[in-house]
Amino acid sequence: MAQSISRLKESPSQTAGPYVHIGLTPNFCGIGGVYASDLGAAMVNDKTRGERINLHIRVLDGSGTPLKDALIEIWQADSEGLYNSPAELRGAPDPNFLGWGRCPTDMDTGLCVFETIKPGRVPFRDGRPMAPHVSLWIVARGINIGLQTRLYFSDEETANAEDPILARIEHCIRVPTLIAEREGDTYVFDVHLQGEKETVFFDS
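So the sequence shown is numbered by the numbering used here: it starts at 1 and just counts up by one.
Please keep in mind that the hints were generated in silico from the structure rather than gathered at the bench.
These figures come from a predicted structure and were not determined experimentally.
Any given hint could turn out to be false.
To be verified - Cut-off 20 angstroms, straight-line C-alpha distance, at most; resulting in silico cross-link-like pairs (SDA-like, lysine to any residue): (1) K118 to R49; (2) K9 to D185; (3) K118 to L60; (4) K118 to G50; (5) K118 to G146; (6) K118 to P93; (7) K197 to I173; (8) K197 to E162; (9) K197 to H56; (10) K47 to D185; (11) K118 to K68; (12) K9 to D203; (13) K118 to L98; (14) K118 to E162; (15) K118 to W75; (16) K197 to L60; (17) K68 to R102; (18) K68 to D190; (19) K9 to Q148; (20) K68 to H56; (21) K118 to A41; (22) K47 to G120; (23) K68 to K9.
Sequences and hints are given; from them, build the entire structure.
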């Protein structure tokens with residue numbers, strides 16, 4: 001039975017600081033012996049169901065320069081649209097899919113790469129199906145509160161047009177800031193923190 005977490009209070013926010021990678025991805029920083037591998041580094045294995053894809057994500061500042069010390073976490077449903085969560089009551093999610101990943105941006109290129117699967121559609125709170133999407137949480141030095149956004153897929157035009165979240169974006173010219181472009185088995189997605197192409201961010 002799923003348990004409510006409404007009794008838990010949100011911790012105070014503070015900037016991630018210069019040591020976020022040491023605390024969350026020690027192997028990436030060359031610090032061994034903490035974890036066999038960094039938590040969230042592998043989302044799939046050879047038994048995971050669904051279409052294998054790669055997500056190439058960069059976080060760009062107002063000048064278009066990639067941040068090289070950001071960290072990104074993603075959450076998504078499995079290929080059948082089920083979440084790996086105790087709160088998932090619609091069915092049994094794929095036991096070979098983690099559903100959550102964590103990746104630091106490359107210190108030279110600013111690129112963050114996730115190996116995952118194409119998610120299925122999940123219902124909005126009113127039952128309408130949302131388009132396949134991945135939820136992102138982004139932290140870096142100078143970001144006081146982690147930024148939340150979504151990644152949708154460019155080859156899901158029909159589903160995107162029906163998505164209740166995308167439909168709520170008042171300025172529709174900003175919807176493309178949430179769409180990742182497909183290149184083979186890779187989806188390329190740039191998160192713009194500021195500027196003309198500023199990505200749409202969400203409160204929760």
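Hints and how they fare:
no.	hint	result
1	K118 to R49	holds (10 angstroms)
2	K9 to D185	violated (40 angstroms)
3	K118 to L60	violated (24 angstroms)
4	K118 to G50	holds (7 angstroms)
5	K118 to G146	violated (24 angstroms)
6	K118 to P93	holds (14 angstroms)
7	K197 to I173	holds (10 angstroms)
8	K197 to E162	violated (23 angstroms)
9	K197 to H56	holds (18 angstroms)
10	K47 to D185	holds (18 angstroms)
11	K118 to K68	violated (26 angstroms)
12	K9 to D203	holds (16 angstroms)
13	K118 to L98	holds (13 angstroms)
14	K118 to E162	holds (18 angstroms)
15	K118 to W75	holds (12 angstroms)
16	K197 to L60	holds (10 angstroms)
17	K68 to R102	holds (15 angstroms)
18	K68 to D190	holds (13 angstroms)
19	K9 to Q148	holds (19 angstroms)
20	K68 to H56	holds (14 angstroms)
21	K118 to A41	holds (17 angstroms)
22	K47 to G120	holds (17 angstroms)
23	K68 to K9	violated (32 angstroms)
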